[in-house]
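> Since the structure of chain X is already known, use the hints to place chain F on it.
As given, the protein sequences belong to chains X and F, one line each in that order. Read in the numbering used here, the first sequence has 148 at position 148, and its numbers run on one by one without any break. Read in the numbering used here, the second sequence has 224 at position 19, and its numbers run on one by one without any break.
These aren't lab readings, by the way, just hints derived from the structure by calculation. All residues carry an ideal CB built from backbone N, CA and C; glycine is no exception. Hints are not guaranteed to be accurate.
[Unchecked claim] Covered, in the sense of this in silico footprint (three residues per stretch, anywhere, with C-beta under 8 angstroms from a C-beta of chain F), are these stretches of chain X: (1) 157 to 167; (2) 173 to 180; (3) 188 to 199.
There are 2 protein chains.
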Amino acid sequence: MKKPPPLDPQVRGPSDHDVRTQIVEAATEHFSHFGYEKTTVSDLAKAIGFSKAYIYKFFGSKQAIGEVICSDCLSTIMKAVGEAISTAPTASERLRQMFRALVKAGGELFFHDRKLYDIAAAAASGPWPSVCAYENHVKQLVAQIIVEGRNSGEFERKTPLDETANAIYLVMRPYVDPLLLQHNLDLAAEATAQLSSLILRSLAP
Amino acid sequence: MKKPPPLDPQVRGPSDHDVRTQIVEAATEHFSHFGYEKTTVSDLAKAIGFSKAYIYKFFGSKQAIGEVICSDCLSTIMKAVGEAISTAPTASERLRQMFRALVKAGGELFFHDRKLYDIAAAAASGPWPSVCAYENHVKQLVAQIIVEGRNSGEFERKTPLDETANAIYLVMRPYVDPLLLQHNLDLAAEATAQLSSLILRSLAP
Chain X
1 MKKPPPLDPQ VRGPSDHDVR TQIVEAATEH FSHFGYEKTT VSDLAKAIGF SKAYIYKFFG
61 SKQAIGEVIC SDCLSTIMKA VGEAISTAPT ASERLRQMFR ALVKAGGELF FHDRKLYDIA
121 AAAASGPWPS VCAYENHVKQ LVAQIIVEGR NSGEFERKTP LDETANAIYL VMRPYVDPLL
181 LQHNLDLAAE ATAQLSSLIL RSLAP
Chain F
206 MKKPPPLDPQ VRGPSDHDVR TQIVEAATEH FSHFGYEKTT VSDLAKAIGF SKAYIYKFFG
266 SKQAIGEVIC SDCLSTIMKA VGEAISTAPT ASERLRQMFR ALVKAGGELF FHDRKLYDIA
326 AAAASGPWPS VCAYENHVKQ LVAQIIVEGR NSGEFERKTP LDETANAIYL VMRPYVDPLL
386 LQHNLDLAAE ATAQLSSLIL RSLAP
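So here's chain X without its partners, still in its complex pose (with noise of 0.2 angstroms):
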C-alpha cells in the first residue's frame, strides 16, 4: 500500500482529515474531467497515487467520495439561500429571495462544470442522503418563512402548515433539484418571478 508523504515532519502521517479532503479534492478534479459515471476507484487511486485499498480505507465506495462532493455543493448552495434571505425585511420578500437564490446558485454551481454535474445526476435519481437532506433543508425553510408570515400576518392561516408548505415546495422543486432543472434553465428566471408572485397570491389572507 503506498503511503502519501507527511505533510509535516513532526507528525508521522497525515491525519484522516487531510487524507480524506485530499481524496475528495482530486476525484473532483477527475471528475470534473472524465466525469462520475466512467471514473472507477481504480482510475482515482491510479491519478492520486494511492492504492485502491487505500481509498477503501476512508471511503467505502465511489458514491462515497461524489456524497462528499454533493454535500458540499449543496451546502455552498443553501449558504447562498441563507445570505439572500437574510436582509429581506418581509417574510414575503424572503420567499422571493429565496426561490431567487436557490436558482441562481443551483445553475452556476451545477451547470458551470458539466462533466460535475452528473455526480448531481446520479445523486438527484439516486436519491442520495446528502439530496434528501438539501431537499429536507428547503421544505423547513420554507414552512420556517411560512410560519414568520403566519405570525406578522401577511400570511393565511386556514391552511394546514404542513400542506402550504409542501405544495410551495412542489411549485420550486423543477428549479431545485438538479435533474429538473437542467431542462428550466432557459425559463428559470422569468418562472421563478412569475411562480413567486402566483405563490404569495395563495398566501394572501
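Here is chain F on its own, set in the frame of chain X:
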C-alpha cells in the same frame, strides 16, 4: 421503386391518405420495438416493404413521421382532458379535473410503451411544432377556465389574465411536458391534488 399492392381492384393504387396511414402505422409498430432514435428511414422502408424514395414522397424526414405519431398522442390526451372537464360544474372543479386528466392521460400514453417514449422526448426537447401546439392548447384551456371563473365570481380579477394563466401553466408544466413528467411520475397523483389546491388558493377573490 416497389409500389404497395392496390387495396381494392377498382382503384389503381391506394389513395395518398391510405399510404400515409400505412406508413405511420408501420412506423409506430417499428418505433415501439426498436426505439425512435435508433430507427432510420431505411430501416422503416425495409420493414414496410416500400422503397426509401417512396416513403420520402409522403414524409420529408423521419421527424415528419414522428410528428404525426406525436400529434396523434397529444390529441388523445387533449380529448381525455376535454371529456374530463366537460361535466365539471364549476371553474374550480374544471381546473382540478383538467390537471388530473392531463397527468393521467399523459402518463398512460407516454409511459405505457417505453420505446415510444423517445419520440416524446425528441419532440419535447426539439420542441417540435406538435408539442408547441399542445402547450399552447393547454395554456389556452387554462386561460379559458380562468375567464369563466372570473365571470362566475369564483376567481379574483386583479391580476392580469396573461400573468395568471402563464403562472398556472408553469405550475402544471412539470407534469404536462413528457420530458419532465418522467421525473415526476412517482409523486404526480399527490402533487396534482396539492398543486391544484394551491392554484385555487391563489385564485381566491
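> Identify every previously stated hint that the structure contradicts and give their numbers, smallest first.
No numbers; nothing is violated.
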